[in-house]
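Whenever a hint applies, use it, and build me the whole structure from the sequences.
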Amino acid sequence: GAGVSQTPSNKVTEKGKYVELRCDPISGHTALYWYRQSLGQGPEFLIYFQGTGAADDSGLPNDRFFAVRPEGSVSTLKIQRTERGDSAVYLCASSYAGTGGYNEQFFGPGTRLTVL
Amino acid sequence: DAKTTQPPSMDCAEGRAANLPCNHSTISGNEYVYWYRQIHSQGPQYIIHGLKNNETNEMASLIITEDRKSSTLILPHATLRDTAVYYCIVKSGANSKLTFGKGITLSVRP
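Residue numbers (my numbering), protein chains in the order written: chain D, 1 to 116; chain V, 1 to 110.
No wet-lab data here; the hints were simulated from the structure.
Every value quoted in this text rests on a predicted model; they were computed, and no experiment measured them.
No residue lacks a Cβ here, since even glycine has one placed at the ideal position from N, Cα and C.
Mixed in with the good hints, there may be bad ones.
[Said to hold, decoys possible] According to the in silico footprint, chain V covers these stretches of chain D (three or more CB under 8 Å from chain V):
(1) 18-28
(2) 34-44
(3) 59-66
[Said to hold, decoys possible] Counterexamples of contact, computed for chain D against chain V with all Cβ distances above 10 Å:
(4) PRO8
(5) ALA31
(6) GLN50
(7) THR76
(8) ARG81
(9) ALA93
(10) SER95
(11) ASN103
(12) LEU116
Now the structure itself:
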């Protein structure tokens, strides 16, 4: 079946501009996660949704970053007034609501954001 | 979640077993050990997880020491396509974030 998809695959923008990154999770997955990965580093957690609500947004670096998931499926990560330091690969993952203390997250291919 | 320590890199010959170590000395009783890998320019991919017992699936085996302070991921017959960064992650709770370190870069040579 279809995996997690992310669009666009690449986004180049200028410093100060606004960008939106989209994530389509696997159908039926109630949990959705955003991570970002800088060159040479492991992915870094940003925010986690359970259904429509953000259950954990402790990883958002500042108030320029915001994410929504209005219908509990597709999610959009929004970055205002982009800075060169925002350049990274933004990864989305989804999972079933886990039981028994564990679950598997399925990752998309990521969106490579470049801020000039 | 407990921190994990992995060597930065290792290599192995194609067709041989690759044994990837991970230390997690501060792991607590309800924390699972997960392994993910990331092939270049792709998103991370789940491999396996375990709590106390050793686990095996079609991709790999996970050996967890009795005191649970360390574990080893075993790829029984490494192929060139197994070249990737492998992340050992310890976490509790099903629906919580994954905390990635830098992982171990496995290079499989022909």
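Comparing the hints with the structure gives:
Closer than 8 Å: that is the beta-carbon criterion, and the region 18-28 of chain D has 0 residues meeting it against chain V, so the requirement of 3 is violated. A stretch counts as covered by a chain when three or more of its residues have a beta carbon under 8 Å from one of that chain; for the region 34-44 of chain D and chain V the count is 6, and the coverage holds. Three residues within the 8 Å Cβ limit are the bar, and the region 59-66 of chain D against chain V gives 1, so the coverage statement is violated. No Cβ of chain V comes within 10 Å of the Cβ of PRO8 of chain D; the nearest lies about 15 Å off, and the non-interface call holds.
Consistency note on ALA31 of chain D: stated as away from chain V, yet its beta-carbon is not over 10 Å from all of that chain's, at 5 Å minimum. With 10 Å as the threshold on Cβ separation, the claim that GLN50 of chain D sits away from chain V is violated: the shortest Cβ distance comes to roughly 6 Å. With a minimum CB-CB distance of about 18 Å to chain V, THR76 of chain D clears the 10 Å threshold, and the non-interface call stands. The non-interface label for ARG81 of chain D is consistent with chain V: the shortest C-beta to C-beta separation is roughly 26 Å, beyond 10 Å.
Interface exclusion of ALA93 of chain D from chain V breaks down, the closest Cβ pair being 7 Å apart, not more than 10 Å. At roughly 7 Å, the least C-beta separation between SER95 of chain D and chain V is not larger than 10 Å, which violates its mark as non-interface. Under the 10 Å C-beta cut-off, the non-interface status given to ASN103 of chain D relative to chain V is violated; the minimum distance is some 4 Å. Even its closest Cβ contact with chain V, about 21 Å, leaves LEU116 of chain D beyond 10 Å, as expected for a residue assigned away from the interface.
Checked against the numbered hints given earlier, the structure breaks hints 1, 3, 5, 6, 9, 10 and 11 and satisfies all the rest.
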